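Protein chains: 4
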Amino acid sequence: MTSAPILSPSETDLPEVYQSVESEVRSYCRGWPTVMDHAQGSHITDVDGRQYLDFFAGAGALNYGHNNPVLKSALIDYLTNDRIVHSLDIATAAKTDFLTTFEELILKPRGLDYKVQFPGPTGANAVEAALKLARKVTGRESIINFTNAFHGMTLGALSVTGNSMKRAGAGIPLVHATPMPYDNYFDGVTEDFHWFERVLDDSGGGLNRPAAVIVETVQGEGGVNVARVEWLQALAALCRTRDILLIVDDVQMGCGRTGPFFSFEVAGIKPDIVTLSKSISGYGLPMALTLFRSELDVWAPGEHNGTFRGHNPAFVTATKALETYWRTDEFNKETMSKGEFVRTRLDSIAGSHEGVSARGRGMVQALKFEDAPAANAVCGVAFERGLLAETSGPSDEVVKLLPPLTTSNADLDAGLDILAEAVAATLA
Amino acid sequence: MTSAPILSPSETDLPEVYQSVESEVRSYCRGWPTVMDHAQGSHITDVDGRQYLDFFAGAGALNYGHNNPVLKSALIDYLTNDRIVHSLDIATAAKTDFLTTFEELILKPRGLDYKVQFPGPTGANAVEAALKLARKVTGRESIINFTNAFHGMTLGALSVTGNSMKRAGAGIPLVHATPMPYDNYFDGVTEDFHWFERVLDDSGGGLNRPAAVIVETVQGEGGVNVARVEWLQALAALCRTRDILLIVDDVQMGCGRTGPFFSFEVAGIKPDIVTLSKSISGYGLPMALTLFRSELDVWAPGEHNGTFRGHNPAFVTATKALETYWRTDEFNKETMSKGEFVRTRLDSIAGSHEGVSARGRGMVQALKFEDAPAANAVCGVAFERGLLAETSGPSDEVVKLLPPLTTSNADLDAGLDILAEAVAATLA
Amino acid sequence: MTSAPILSPSETDLPEVYQSVESEVRSYCRGWPTVMDHAQGSHITDVDGRQYLDFFAGAGALNYGHNNPVLKSALIDYLTNDRIVHSLDIATAAKTDFLTTFEELILKPRGLDYKVQFPGPTGANAVEAALKLARKVTGRESIINFTNAFHGMTLGALSVTGNSMKRAGAGIPLVHATPMPYDNYFDGVTEDFHWFERVLDDSGGGLNRPAAVIVETVQGEGGVNVARVEWLQALAALCRTRDILLIVDDVQMGCGRTGPFFSFEVAGIKPDIVTLSKSISGYGLPMALTLFRSELDVWAPGEHNGTFRGHNPAFVTATKALETYWRTDEFNKETMSKGEFVRTRLDSIAGSHEGVSARGRGMVQALKFEDAPAANAVCGVAFERGLLAETSGPSDEVVKLLPPLTTSNADLDAGLDILAEAVAATLA
Amino acid sequence: MTSAPILSPSETDLPEVYQSVESEVRSYCRGWPTVMDHAQGSHITDVDGRQYLDFFAGAGALNYGHNNPVLKSALIDYLTNDRIVHSLDIATAAKTDFLTTFEELILKPRGLDYKVQFPGPTGANAVEAALKLARKVTGRESIINFTNAFHGMTLGALSVTGNSMKRAGAGIPLVHATPMPYDNYFDGVTEDFHWFERVLDDSGGGLNRPAAVIVETVQGEGGVNVARVEWLQALAALCRTRDILLIVDDVQMGCGRTGPFFSFEVAGIKPDIVTLSKSISGYGLPMALTLFRSELDVWAPGEHNGTFRGHNPAFVTATKALETYWRTDEFNKETMSKGEFVRTRLDSIAGSHEGVSARGRGMVQALKFEDAPAANAVCGVAFERGLLAETSGPSDEVVKLLPPLTTSNADLDAGLDILAEAVAATLA
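In the order they appear, the protein sequences are chains A, B, C and D.
For the first sequence, full-length UniProt numbering gives the first residue as 1, with consecutive numbering after it.
For the second sequence, full-length UniProt numbering gives the first residue as 1, with consecutive numbering after it.
For the third sequence, full-length UniProt numbering gives the first residue as 1, with consecutive numbering after it.
For the fourth sequence, full-length UniProt numbering gives the first residue as 1, with consecutive numbering after it.
Simulated from the structure, these hints should not be mistaken for laboratory data.
Since the structure is predicted, the reported quantities are computational estimates derived from the model, not experimental observations.
By construction, the Cβ of each residue, glycine as well, lies at the ideal position given by its N, Cα and C atoms.
One thing to keep in mind: the hints can contain errors.
[Claimed, not checked] Computed Cβ-Cβ distance ranges for the label pairs, DEER-style:
#1 C:Ser73 - D:Glu370: 52 to 62 Å
#2 B:Asp243 - C:Val298: 43 to 53 Å
#3 D:Gly188 - A:Asp201: 33 to 43 Å
#4 A:Val266 - C:Arg240: 53 to 63 Å
#5 D:Ala168 - B:Glu384: 18 to 28 Å
#6 D:Asp13 - C:Arg50: 28 to 38 Å
#7 A:Asp113 - B:Gly268: 55 to 65 Å
#8 D:Val70 - C:Val47: 33 to 43 Å
[Said to hold, decoys possible] Keeping only pairs whose Cα atoms sit at most 27 Å apart, straight-line, the calculated BS3-like set for lysine-lysine is:
#9 C:Lys136 - C:Lys115
#10 C:Lys72 - D:Lys72
#11 D:Lys136 - B:Lys136
#12 C:Lys136 - A:Lys136
#13 B:Lys72 - A:Lys72
#14 D:Lys136 - D:Lys72
#15 A:Lys136 - A:Lys270
[What the hints assert, rightly or not] To give an idea of the chain D side of the interface with chain C (calculated C-beta under 8 Å), a few residues:
#16 Ser73
#17 Gly169
#18 Gly355
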């Protein structure tokens, strides 16, 4: 999310109102300086009719592609019939459907006894609610986060986020969070959790006893850092034995991005709290959930609220997406298979160039460049050739691919061709 | 937002999934225990076909009514044609239209040289961005808020919110904010700003020098407390002479709720920063804006971001709402006129009962009950008779009316009839 | 303590080592640029043999005068006999004597069921311990302090101090404290505690519920602001009815400065926690106490500690001072009588000049100058004529007199003659 | 300081006033339940005439022994002649002497261009001033401390202290400090500074950029953890290259405890800021210094102050101690030699028992017991046999020896005999 390639000269191609009226905080439009208009599946078309293959997918918010026809049909039907759109947390037929479907297709089959909170329609809201609940349940203030974590931009979420530029934007010292090294932070040299476990168990360690640990199973914004299954299992065990809550932030990696619906399923763990957003509505509509073990449901009515908790069009598309893609294990298998295909091609690209390596899990795959600026340059060339892909990582050194999970093999191939050319052109 | 009437017994009328799966944090569905399904203008229909007059309007998010046909047509047209839905802050045709229209119809005619930030789609996001910017610009941390303020539930927004139950939910001490008495906090006995000005100018006062003051011109959640025009003017002058930024949180009172587009227009002041959300999309779709004087636009690209900043369906309905209602001053005049009508009837109800008084501005009007529990009881009776209205205020002692601005005089009359009956039945 | 008169040119009269080696943080030596050497009672003599009448008395640390002969004899006797000097909180004969005497002569006669903590030898230590204990007992974080309060320079003590220059020195935002207006802050116009009570009882007031209120009965550094007896009583009642602890910081005003041993005795209140330091040793030796109701003694052994808690020479002089001055009520009466004498003369000086007023209680008396810089100028002239007196108040607008309580009437008269001349010379 | 052995039954041997009047926070008197009265050199005598060898020395405040005769003579002479005792930061002859002597004998010979601040008379005051200055100079808030650090009990000092019981005593979340692993925290397995350097240089690491690192060269309270010379050098280099200030807290290890005057001399480093207290007065009198490179002297006059900054009796004994012990390198050499002697005997004791190891530098030496409770038991037996020694370390698993540096070889031998017996008796 940090880092569409910056090609400032061409930003002047945008309508003047972007520079005269929109704040300097705008970013993606600087690297992709064109006005988008139509979108279907994995394709976007700009106002001049130019087509782009979208391997960015709304930073993971469009796992089922743009304007997915099955979801679209349900959505237009709902709107056409004047069914209720905005309802806060009043019960609605659309909400009943969503809750019922989510329980039946997602929670029950996975043995997850979770309560569902609608915390407001963004990932940051879901994270804020998760942190509040963890603190309320434990009576402790401190949270453990990980190096290069990204959890959102509101004050609570930002305090557990790693990026120093974004942290500085807070304008106040961000406290109550302590970073620990993410898996493989030392390139495998140091034993896992050596520092974390030691300081936690040392009564003189100086670490405030944490309420919770918040973790992404794959750090998307942090550079597509993939935690090993055994690391996640060890983390879950460490939390359990020390009475610390485990929060998995599945905002970007959930909803099938890595294969299974929840990214942590691969490790066989059951987090205490889980956050979902981005692709949960399936149509790019704002929606978010905070899930937690039912014993943790100590909220008082209205203790956390928000105007857009009841965004019914999102419930409608979310329900339809669950019904369409998650009745069976088929979609998971397809994603894994497509992910392997992408990875094979990335390995091949990496193998052809010095200082380039591939990484990822499922359909979040990436190329890391030892020469960090090359990543941005590759994305710039890719954009010119009709492919949207963004960089991530602390030095923007990683080209991150998040194609819609519904992308056809042919489109994957075509996009990877462009990428391979862009890499070759950049490193030539 | 705090306080739909609690009629716990009937909550069991809801489908079982609300109790088995949704978190205890749910609130409105407890007081209005039915499943809503259709909605048009000022009317909602539940799944059993029962109709309700809606004087709640999504807590102010539906100023133009449910499923406003003009907006609906534009929305369905946009979706049908597969135009881009989710775009982060990539330029889109729908965004260009919105920015252009907002500048032409809202900013320019009012002489407001504001930059527009899309901070994420909720009021809390808009407030978080406002606070960050104020701190970044001034290099100070402290914010002045007011008694009974409500600004949102994320950590930054919550720290400037008054409600003690919601504050306690944070689980950490909320710091960097100091409350000051809102207008008329002492029932007119104490001189305005006596304390605030004195402690600010006293080098030994012990108040951390504030970056900004954040204020609502009418406190909706706080109990429909209406700041006088001269108080707002004095506050603006106080901030200006002491180099403190003035943030007006117009999330609930903006978009015409009090008559003019911005609620502060009546005072002739120009805040440094303004937040908008709720009714800005016009259709109940999540959207929010943070506006600020262009000199304050010190954001670095991407320093504040968020996945749902580019919710194009909301841009489409927002643009259509501006074009439909804000080309002339007519809508403002109608709102003022309707507000007077509502107020006259409320004054009449208040005049008929001991311990009841009316308050409000434009189309946010309210009845305050000296016997606080009566307010909740009134809302309960009103619901049974087909009217949705919620309570607000620190003791839920105020029945707050936020009918859609487009409500017909006949519907206003009908709703007020129900309210009058409910008051009479309750106080009898 | 803020503000010996600044006569920078003559600072060059000091030995060079003060400028080359001592930090710029030094302050009193700038206004009184001479090297002091001997001292007896209310007189100090510099290395050149020049005598000064001392109406400053170590900022209140020398209530019994310099090198009080009775105390001196006990001290030298103790040291000569190789009795233990440094003992942390090991029991010593000198400590037993002090505890026994303090209980017998101070606590019991006043009906104060206090436990005694030795928190480290400075007032700031005593305040830090008081705040910790109040937070531990109540489980709350927030403290209410008052405008123009001074409680010390360590981080906890500084957070409840008003002075903006000193607060800025912290280098971090000072949080967890909220200032309230001290008595007469609005020159009697506003009703007492109007704001404090209202915001405390308002569940939407936005004030974090306080653990404790910390107050000085007379604000010395703050400008010799004297709280009325009825204000102190009302404050105590307000705390009691709302379950908030009342801390009286008697570091400067205790040990007889205002007449009785504790300055709060005049109001007939019993604070929950009391801090003492400055004159408790009686000889200018570092020592401090934190006293609290025995029910509040929830400390774990060693939970607060410090190397110099057991400064036995201070215990020896403290015991001797109690025995010498506090067996009867005589000393209190003398102080009150001397205070009246000083006040009469100050009133007379004030009566002779426009814009000068007198204030104080017991033997802390002061002249306030509407033209603030005049106060500093008066102190400068007084120094040249052989009188030490410092300024205080947020604008250094007050000449504060803290003569040793043992100062003879003749010396009081002589010092006040100098002061009268200095005022006349300054305002001429 | 944490942990005199707890022999609660015998506490009842103390005068009743300790239990009825002194707070439960008392600690040493619980483990050593007798009333001390006289003291000379390395010997203390209680009121019953029983003698104790003191290998505790006021937790390091009595490096030159109790009532050192050379210092005593100067002190009594000063007091007898009515020279000024209490002076805040007014210039005095005694202060001039101290500053001149400290510059001549300590700073100049070591090439240390330090300014001297008198921050108040305790180590915690010195640390508070150091942290404030580091924050003021850098404009950053965060401090790096180390596991098992101890820096004092006031809020600022406590926030950089490791002990969880003492931290909990704060009653508020302690923020703005992040612990890093001290040297050898992982028993040599992990490369030095691996984590610290990595997270510091990672723009996504999530660590707030620190103003300063605060470190003890040997952690006394933390369990006599000795940082290697190369670790200290690497730390200094790490700070220098990243523009982070290095604060050495030499409160316990300075004034010759490890041999040289400053404990960091052995590493050839020059910290930016140094704190001294405990033995600086040489006589157990409260006194403390904060030293810093002259370029860092950005204090405003009076920005940090305190009533007992000018404790002249302490200046007198401090000056005499410097003149007596630090004119030549002789004292350093003697301390090193005695330290080696003590270590040889401790190694021998350790060699005779399973699970016991020796550690230390200079004259801070210790025995660590794998079976933590044994350490406390050893100290209990030693007390009964006439030796004072305390435990330290997070589990009180270390018997720490801090004999006066002036202890004769015979007394060292006698004390170590008792210790050897106590170990044998305990582990038998």
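Structure versus earlier hints, numbers of those that do not hold, lowest first: Violated hints (numbers, rising): 3, 5, 6, 8, 14, 16 and 18; every other hint is consistent with the structure.
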